[in-house]
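As a plain string of letters, each chain reads:
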Amino acid sequence: MSSSTTTTTTISTVGPPSRRNTELALLVFAVIIPVFAYANVGLALSDELPSGLLNYGLGLGFMAAVGHIIVRKFAPYADPLLLPLATLLNGLGLVLIWRLDQSKRLARTAVAQNGEFIASAPRQLMYSAIGIALFVAVLLMLKDHRRLQRYTYISMAGALVLLLLPLVPGLGMNVFGAKIWIRVAGFSIQPGEFAKIVIAIFFAGYLMVKRDALALASRRFMGLYLPRGRDLGPILVVWAMSILILVFETDLGTSLLFFGMFVVMLYVATERTSWIVFGLLMAAGGAAVVGSVEPHVNVRVMAWLHPFAVYDDPRPSWAETDQIAQAMMAFGSGGTMGTGLGQGNSDLIGFAANSDFILATVGEELGLGGTMAILLIYALIVERGVRTALAARDPFGKLLAVGMSAAFAIQVFVVAGGVMGLIPLTGMTMPFMANGGSSVIANWALIAVLIRISDTARRPAPAPAPNPDAEMTQVVRP
Amino acid sequence: MNKPVRRIAIFCGLLVFALLLRDNWLQFVQADELKDHEHNRRVLIARYSQPRGNIIVDGRAITGSVETDSTDFKYKRTYKNGEMWAPVTGYASQVYGSNQIENLEDKILTGDDDRLFFNRTVDMFTGKERKGGDVITTLNPKAQEAAFKGLGDKRGAVAAIDPRTGKILALASTPSYDPSTIAGGTDKDEDAWKALDKKNNPDDPMLNRALRQTYPPGSTFKVVTAAAALEDGKYGSVDEPTDSPLPWTLPDTRVQLKNEGSIPCKNASLRVALQWSCNTVFGKISADLGNKKMQEQAEKFGFNEEVFTPVRADASIYPKDNRPQNAMAGIGQASNRATPLQMAMVAAAIANDGELMEPYMVDKLRAPNLSIIEQHEPKPMGEPISSDTAHKLQDIMETVVEKGTGQNARIPGVTVGGKTGTAQHGVANSKNPYAWFISYAKGDNGSPVAVAVVIEGSDTTRDDIAGGKLAAPIARSVMKAVLDSEK
Chain R
1 MSSSTTTTTT
11 ISTVGPPSRR
21 NTELALLVFA
31 VIIPVFAYAN
41 VGLALSDELP
51 SGLLNYGLGL
61 GFMAAVGHII
71 VRKFAPYADP
81 LLLPLATLLN
91 GLGLVLIWRL
101 DQSKRLARTA
111 VAQNGEFIAS
121 APRQLMYSAI
131 GIALFVAVLL
141 MLKDHRRLQR
151 YTYISMAGAL
161 VLLLLPLVPG
171 LGMNVFGAKI
181 WIRVAGFSIQ
191 PGEFAKIVIA
201 IFFAGYLMVK
211 RDALALASRR
221 FMGLYLPRGR
231 DLGPILVVWA
241 MSILILVFET
251 DLGTSLLFFG
261 MFVVMLYVAT
271 ERTSWIVFGL
281 LMAAGGAAVV
291 GSVEPHVNVR
301 VMAWLHPFAV
311 YDDPRPSWAE
321 TDQIAQAMMA
331 FGSGGTMGTG
341 LGQGNSDLIG
351 FAANSDFILA
361 TVGEELGLGG
371 TMAILLIYAL
381 IVERGVRTAL
391 AARDPFGKLL
401 AVGMSAAFAI
411 QVFVVAGGVM
421 GLIPLTGMTM
431 PFMANGGSSV
441 IANWALIAVL
451 IRISDTARRP
461 APAPAPNPDA
471 EMTQVVRP
Chain B
1 MNKPVRRIAI
11 FCGLLVFALL
21 LRDNWLQFVQ
31 ADELKDHEHN
41 RRVLIARYSQ
51 PRGNIIVDGR
61 AITGSVETDS
71 TDFKYKRTYK
81 NGEMWAPVTG
91 YASQVYGSNQ
101 IENLEDKILT
111 GDDDRLFFNR
121 TVDMFTGKER
131 KGGDVITTLN
141 PKAQEAAFKG
151 LGDKRGAVAA
161 IDPRTGKILA
171 LASTPSYDPS
181 TIAGGTDKDE
191 DAWKALDKKN
201 NPDDPMLNRA
211 LRQTYPPGST
221 FKVVTAAAAL
231 EDGKYGSVDE
241 PTDSPLPWTL
251 PDTRVQLKNE
261 GSIPCKNASL
271 RVALQWSCNT
281 VFGKISADLG
291 NKKMQEQAEK
301 FGFNEEVFTP
311 VRADASIYPK
321 DNRPQNAMAG
331 IGQASNRATP
341 LQMAMVAAAI
351 ANDGELMEPY
361 MVDKLRAPNL
371 SIIEQHEPKP
381 MGEPISSDTA
391 HKLQDIMETV
401 VEKGTGQNAR
411 IPGVTVGGKT
421 GTAQHGVANS
431 KNPYAWFISY
441 AKGDNGSPVA
451 VAVVIEGSDT
461 TRDDIAGGKL
471 AAPIARSVMK
481 AVLDSEK
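In order, the protein sequence lines correspond to chains R and B.
Residue 431 in our numbering sits at position 431 of the first sequence, with consecutive numbering throughout.
Residue 29 in our numbering sits at position 29 of the second sequence, with consecutive numbering throughout.
Same shape as in the complex, but just chain R (with noise of 0.2 angstroms):
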């Protein structure tokens, strides 16, 4: 009978296209644009062609090579831009963390503070490698994010064990007001990073399951649904408690990150407007308690509004730096179209200009122009994920997806927002550009996991089982 079952198939196999050529042809430009941009900012600063010129080109070029033969191998529906965009990104960032390596401002303001001046380049370099290390091990491991769902609380605890640790005595460290890092074997982490993933799981396995429940068993007051507090309790602790640890830990960005991704996924979870207006109305709590209690908070909103005032004399107490100005200058000083790489002074901004000001650094050197594309391409990454959570046909792959899409998409207006000073700054780092290793490891492990769904949303249905009725009635013969 095998032979007539074959014939008879009527649904071809052949699914939508896979575009895995597409993403390769995409991988090519995001190596080549990174090494001209390495090789203008050399020939800006000395005249000559860098000589780690060929390392770097060969380097990136093989990371983005294997990210690209294990996506083919592993998730070959994957979505085709989210891998040459984040490719693009880092290779961009690491660029200019090289480019601010060469500043001798920079190094002279380091020996100063730490009495010696260590190129970070090399180590992001190090830190990308590791990067992409995870995201094939995440595809390797994940065959199917689904999995994931198992580990709803397992999760819980996680997030909440990793944003406890830089207040563990002896491993936590300060730097800079801020207590959002731990000292492991010498080497930094930002355990709020990793947070974001594993809570964004937590969040996305709970509410899969309590979806309904808070949605429909609620008691319509003022016109609100409120739900019942046993089916929002564990979710609400996790929040909170994340949010007070993030508020002990003076990490503001961190805060509105989760509390932006908390809202967001409730809200697809329900599909209740009434969340939206909750999660307002506790933002403004939360808000105005934190703005009251936490001093620190003061001093960026004044610094926000003030920009300039540091310059003032006398200078406000308050005043404590002038980073937010330099940047301003740094961004005008750029204007439209910018000094060219390695000819503008961005690292006038400090010992922070390569970290939570980078994008000034493109600002200044790339000019309006440039400051767009960068930001177009976080919005087409966000954009790849939230059509991801889209085309998901599981409501946990749909809410994990949309939730870190989110989340990112906060991530780059909080950073990007603060540095221009649209908002209060708080700290954060944009994603794949800033030099920081938890930062560029947790990213690529986020793009990983969407590009894990996007391969399962896109995969073509299995082909369905052969009928037997229909064979029967085939087979029948008088």
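Hints are computed from structural coordinates only; laboratory data are not their basis.
Keep in mind it's a predicted model, so treat the numbers as computed, not measured.
What you were told as hints is all true, and nothing was included just to trick you.
Quick list of the computed label-pair ranges, beta carbon to beta carbon:
1) R:321 to B:115: 32 to 42 angstroms
2) B:71 to R:295: 31 to 41 angstroms
3) B:304 to R:340: 47 to 57 angstroms
4) R:295 to B:41: 26 to 36 angstroms
Don't be surprised by glycine CBs; every beta carbon is placed ideally from N, CA and C.
Starting from the structure of chain R, add chain B where the hints point.
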């Protein structure tokens, strides 16, 4: 669940849109404001990233640039004979900003001026290092040297003008400072800057006394009073006796105005009165003419208004005043005050037959490729006195030098007119007076130089001779230097 996801997509889109808007606001709308912000160090970095153009006197640069090993600033300003030229150049410092010509013509000197756009573009394409343009001044190095050396270690100032054009020939101020010492960003420069600060240095060496310090003009103002009298038609000739009783009491008071020594002032003619510097004669003229007419005449010479050369000179003052004060102002001993430049302008207008030319010290602006991008044309500023009055004043000022108080300014074979002055100041005239001298020299084709000299706080005798004794020789050597270079 797709509907809320789509809404989240819109929300994320709005976040990005807000960032894009903000970026456009920063980098397009506000860009220029931020770029030129006073705390934007890039302005300074750019200013010193290439050799600055030079300030040129008589074909030779009095400034220069040297390469330094500073992180931010590649080049540093240097000055040749900085102390002598500081009142002309001002300073350009990596840390303390700039002033005077260095500041006013900064765009030319850095090469940032719009008129140098073509030059810049060509340099960009040919890969040449960017260069600034030059500022060519009107100054006469010999005259400047004579003025600076003449002042020596005394406090004072000299301003010399070419009456025919208004070109500033000398502009000296002592004690001076060397702008090279504060051009860099080292600790040494900081110490020098602190030492120059008025708070730490009573000499205030950074004060440009020729332009920015007003002094009571003393007897040199009698020339203006005489001009007012002649313009008013009060006297037809300078040899006609004036109606001047001796002693003479200030109007509305019982205070008698005194002369220095026993000099022939009773009903003296303008010539004799100027020759011996009679206070009674000019005090009475001023009182007779009244405050309004005196003020008008002073203003015609340029009082009560700032002068831009282009470096700003403080306004000299002839105020509205009561009768006794106005009478005293007629001899330069009341609330009227003048800068050395102003008094040089008075002498210049008289020497130039009544026409006052606008003083200026930037003659040309030159692009790095040596093409002239701006040439100053001499501009008349007004005609404070008729040529007839001017000739009469020249006549009596020449008498002052020939056989009056100004004999120290005589130059053999040259017609020189002048007026001495010794201005009392301090409470009850307790401080050492200011010695003044204003003069002009005349050659075959008009007068090439008018000069004003003031020396502060000299401890020499307090009679009216002080101006003639101290200031006249300096004026003489400045005039001589100009006459020599005219040949």
